[in-house]
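Undergrad: Sequence:
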Amino acid sequence: MNGAWAQARRLLVVRLDNIGDVVMTGPMLRALKENLPDAHLTLMASPGGSKAASLLPWVDDVLTWRVVWQDLGRLPLDPARELEMIEAMKSGGYDGAVVLTSFKQTPHPAGYACYLAGIPLRLGESKEWGGGVLTDELPAAPDGLHQAERNLRLVEHAGFRVRDRALGLRVPEEARTSVAVLLQGRGVTPGSPYLLLNPWTSARSRNYPTDRFALAARRVAEETGWPVVVSGTEADRERGRALLGLLGDRGVDLIGSTDLAGLAALVEGANLLLTSNTSTMHIADALRTPEVVLFAGTELEEQWRPRDTPYRLLRRETSCSPCYAFTCPYAQECLDIPPGEVAEACLSLLSEVEVQA
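Numbering-wise, the sequence shown is residues 1 to 357 according to the working numbering.
Treat the hints loosely; a few may be bogus.
[Claimed, not checked] As a list, the in silico PhoX-like pairs of lysine-lysine whose alpha-carbon atoms are at most 25 Å apart: (1) K51 to K33; (2) K104 to K51; (3) K51 to K90; (4) K127 to K104; (5) K51 to K127.
No lab work stands behind these hints, which were simulated from the structure alone.
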């Protein structure tokens, strides 16, 4: 590897997006730790993304910050907040910083913050010229490159060897235990099969209709005899009532009952995950849980799709895709998929997995 990076002992990895984006840093973090086993790795992440750190065994510390350059207009004007961030970064005494971005993001605000914090090595990928903000600047990859590969390409540019390119997570044992207790308390015997339904995302444009999710899941439950375990946050409770009503006695309500580690344990124990395009899709890929994903036309499939677990992605081709919108101005034609088709995809994938087993 590059001589200066080979000497680094304290590294800051900057990924300031959501949970799924942080999950996809796993292969890159693994590579850093394997090349520099004595290095201390700090993940700088958003409040949401920081929740995934406990699932990534290569992370030694977390610096949580909501940065102004990725804000959607909610943060008030407060330059002192950014100066405090620089001081927090400076106090880490980092030898190098790896700035991770998606295909449409620039590394230069984060890189400049690292520069002001006195971090001597600063690695990032950029479509535009950034002067001396980055010490190691990689020309941008094609937009369609998978995000995990984009991350790995960056550290390979600095000379790090990559042994394993697959996503990976560590589910805490206490999360497994607490989830087993939750399931048993709702009539699901530990180790027995179940379908995990994770229907909602934070972006309305990516949400398949709740009633259709319920009808598809109920059909799978009727064919397999499995319960349908429903996960979600406390904010999903209101819309969860209608879904659970449609599931009837097949539904197992765990909405708002788990943290992210508990959700990972639920995904790990599931025989099949049925989900929208959200962080659970990446968690299932990391844990090799078969999954059927209602993948809205908001993004390019090749950038985010599962790579190492059996899966089906379902969507309709539309002229407006990819739109990258949080709300759809039309009628979500990209997710106009009958529940029967979703159920058939689930059953087909299960039969394929059984043949391979």
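Undergrad: It remains to establish, for every hint, whether it holds in the given structure.
TA: Consistency of the hints with the structure:
For a cut-off of 25 Å, the pair hint linking K51 to K33 stands: about 20 Å separates their Cα positions. Between the alpha carbons of K104 and K51 the distance comes to roughly 24 Å, so the proposed pair stays at or under 25 Å and holds. Restraint check for K51 and K90: the C-alpha separation of about 23 Å stays at or below 25 Å, so the hint holds. Restraint check for K127 and K104: the C-alpha separation of about 9 Å stays at or below 25 Å, so the hint holds.
Between K51 and K127 the CA atoms are separated by roughly 30 Å; this puts the pair beyond 25 Å, and the hint is violated.
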